[in-house]
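With the hints as constraints, model all of the structure from the sequences given.
Each chain, letter by letter, is given below.
There are 2 protein chains.
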Amino acid sequence: MRKLVMIPGPTNVSDRVMNAMISPIISHRSSDFHQLYSEIAEGAQQVFETTDDTVVLTSSGTGAIEASVVNLVRPGDEVIVPVFGEFGQRLSESIELAGGKPILIEAPLGEAPTIDSIEEAFEKHKGAKAVYVVCNETSTGVRIPWLKHIGELASKYGTLFVADAVSYLGGDELPVEQWGVDLCVTCSQKCLAAPPGLSLLSVSKKARKFIEENPPMSKFFDLSNYIRFYERKKETPFTPSLPLYRAIHEAILLVLEEGMERRVQRHKTCANAFYQGFKALGLKPLVEEEIRSNTVIAIRYPQNIDDKRFRKMLDEEFRITVAGGFGDLAGKIFRVGCMGEISSHHVLATLSAVASVLKLQGETVNIDEALRITTDHLRPLKSLQQPLST
Amino acid sequence: MRKLVMIPGPTNVSDRVMNAMISPIISHRSSDFHQLYSEIAEGAQQVFETTDDTVVLTSSGTGAIEASVVNLVRPGDEVIVPVFGEFGQRLSESIELAGGKPILIEAPLGEAPTIDSIEEAFEKHKGAKAVYVVCNETSTGVRIPWLKHIGELASKYGTLFVADAVSYLGGDELPVEQWGVDLCVTCSQKCLAAPPGLSLLSVSKKARKFIEENPPMSKFFDLSNYIRFYERKKETPFTPSLPLYRAIHEAILLVLEEGMERRVQRHKTCANAFYQGFKALGLKPLVEEEIRSNTVIAIRYPQNIDDKRFRKMLDEEFRITVAGGFGDLAGKIFRVGCMGEISSHHVLATLSAVASVLKLQGETVNIDEALRITTDHLRPLKSLQQPLST
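Top line first, the protein sequences correspond to chains A and B. Residues in the first sequence are numbered consecutively from 1117, following the working numbering. Residues in the second sequence are numbered consecutively from 1117, following the working numbering.
Bear in mind the hints are in silico, worked out from the structure with no lab data behind them. The reader is advised that the hints may include incorrect statements.
As the list makes no split between identical chains, a pair holds if one copy fits it or if it spans any two.
[Said to hold, decoys possible] Dumping the calculated DSBU-like pairs for lysine-lysine here, alpha-carbon to alpha-carbon at most 35 Å:
| # | residue 1 | residue 2 |
| --- | --- | --- |
| 1 | K1245 | K1384 |
| 2 | K1322 | K1384 |
| 3 | K1264 | K1335 |
| 4 | K1325 | K1400 |
| 5 | K1242 | K1428 |
| 6 | K1384 | K1424 |
| 7 | K1321 | K1335 |
| 8 | K1245 | K1350 |
In C-alpha cells, the structure reads:
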C-alpha cells in the first residue's frame, strides 16, 4: 500500500514522472538521446532562470555538492560558509578536504546568520575565493531570505557565489542569473519531484572560465567536460542514468507547464497553511517567521510526545511518513517536506493525521479549528489553477 | 518502437527489472529500505563471490572507478596499470590525478599485455601500492584471461589488486575473494542487465583497513563510510537512487535464480556463436581467440563498408543498435554487446541483420551458412535451461 512520503526528500512522485522511467533503453550516443538531453538542458535553464550552461550528473546531491567544491576551491583558498545546520557543516568539511580554508559564520540550530555578519565576513576576507550558501537548511527548516543581497556582495567583492539549492530550487525563488549565482546545485528528488539519483547544476561564465583554466582533480566531477560534451554532441561524457533522465525530463515539463512563479507561490501557500495549521494544534515551529522555510517545515514536539512513537503511529496507522531531527535536534522536532507535488490534499491529510496521532497519544488538540484554519489558508491555491497573470 | 540495444552497455533490460523501478517512493531511512538494501548487498556478495563488504554507489561506472582510485592511491604511490585501450588509459589518468605514479604496461589496440610483462612490472616495482586491471577492455573487446595469476602476483608482492570489471562481472568468471581482488568495480547497466545509474563494488578486509586508516579526500566516494552505514543501519550515507535500487534488486534476483556458473556459460556460448557466425560471414574479429571477450564482440569492417552508413541502416531498417570503435579504431570496427539478457534470439537477430546489411551494401556473404553455423553453436544454450549440476 502506498504511503504519503512527507519527508524533505525523496518526495512523492507523480505517475507521469514514474512511468516515464520505463521507456525502453536507448543508446546514449544516439539521436534519440541527443534530443532527450537537449530538452532537459534547455528546461533546466528555465528552472534555474539562466541563459548559462546547465549540467546533469548521474549522482546524488552530495556528489553534486562535492562537484561544486572540487571545481572551484583550490588549496589555500579562503571560502565564506554560513553554517547553521548539518548541510552547512558538510559543506565546510568538503571545503577543508579540498584544501580550502572555510571562514565560518555560525548560527545556532533553527536560526540563520544575519546578513550583517555575512557582509562583515566579505569585508574582513576581501580575497575570499567563494561564498557557499545553503539556501534552505534541510536539517532545521531555515531558509536564507537574503540570497539576492549575498549575490550583490559576491559581485561587489569579486567572490564566486555557490548556492546549495538542493531542498529549495523549484519550490522557492532563485533566479540564478539575476541574483549572480555562479554555481547552483540541486537534485532530482526534492522540489522537482522526480525520483532520486540525479543532480543538476548551473554554471556561470565566470565559473566555467575558472574551471577550464584550472581543471579539477576529478574526472567524474569535471563540470567543464560535461559542458563541452553537451555543446559538441548533446551527450554526457559518461553513461547517463537513462531512466532518471526520462523522469527528470517529464518532471521539468511539469514544472514548465505550471510555470516557476506559480510553482513557488503554491509551495509558499502550502507552507503557510502548514505553519498556521500546526499553530492551531498548539505546536510551535522551530524557526522564526522571517527565516522559516517554504519547503521543509520543522515543528517542535510537545513535551510529552516521543519522536519515535509519534512517527511510528503516523507511518503505520495513517501511512504518512515524516522525518525526525538531526543531531542535537533529534527527538525534539519533526520535519515535514512541503515539496514538489505538494497540494491541499498533502497538507490536509498530513495535518489531520498529525492531529489524530497527537490526540491518540494524549494531547489536547482542537482538530476542528486546525482544519478550518488550514483550509482557509489553502484557499489561495484555487487562484493558482489559472496563470498568475490572468 | 523498441530497438534491440546490442551495444556494450547500456544493455537490454527485462520488463521484470524495468517495472521494478515504478514501485512507490519510500523513505531511505525506513525499514522497507533496510530490507531492500540488505537483499541487494547480500545478493551482490554472491555476484562478486565474496564474503567481504559490498558497496552500492549512486553514480555511473566512471564514478565508481574514480572511487577505487581516490580510496587507495595516495601521492607518490607507484601503481601498475596495463593499458590496452580507452578504459585502461582513463584509469592511468585518474591515478595521475590522485598523485599516483602509473607504471604503464602497454599493448597495441586489440592486444593484451602478456602475463610475463605484468610479472616483470611487479618484480621491478616491488613497492608498488596497487595493480589496476581492466578485466575486459570495452573499447577493443579484449579480455584478460590471467586475472587469477595477477591475483597471485598481487598477493606475493603485497600489492592491492583492483579489478575494473565494469563490462565483465556477471558475464564472465571472477570469483573475487578466491582470486584475491581487493576492490572490484562494476555497474548496473552491463552484464547485470539493469538500467544505468548505479555502480557496485566489493571491498576486501585489507582494502577496508587501509581506507579506514587513510580516509580519502572525497566524502561522496569514501567507501568505508558506506560500509559503516550499512553495518550500523542498513542504510546509505547519502540519498540512494531508489528506482535503481529496485531495479538492481530485481536484476540480482534474476542472476541468482540463473546461477553465476550457468550465467557465465550462457555468455560464453553466445559469444562463441557470434564469433563463429561473423567468421562464416567472412568478417574478422579484432582480437585473437585466447584474449577475446565474451561480453564485447569487436569485429573488423570489410574494406568497402562505411561505419556510419552500416550502423545507420542496421539501426533504422533493422532496429538493432551496435557500437562503433573508439579513437584509432573508429571506422575500423563495430562492437556488439553480448551482455546480460543475451540469448539465442539476440544473437540470431543481430547476426542475421548484420548479414542483411552487408548484402544490401554490396558484400558477398553466405547468409545460409552463417545462420546454420550460428545456430549450431547456440545449441549448448539448451542444456543451460537445466541447472548445470544435473
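Taking the hints in turn, this is what the structure says about them:
no.	hint	result
1	K1245 x K1384	within (33 Å within a copy, 55 Å between copies)
2	K1322 x K1384	within (32 Å within a copy, 52 Å between copies)
3	K1264 x K1335	both (32 Å within a copy, 29 Å between copies)
4	K1325 x K1400	neither (47 Å within a copy, 46 Å between copies)
5	K1242 x K1428	neither (50 Å within a copy, 57 Å between copies)
6	K1384 x K1424	within (28 Å within a copy, 52 Å between copies)
7	K1321 x K1335	both (20 Å within a copy, 27 Å between copies)
8	K1245 x K1350	within (31 Å within a copy, 39 Å between copies)
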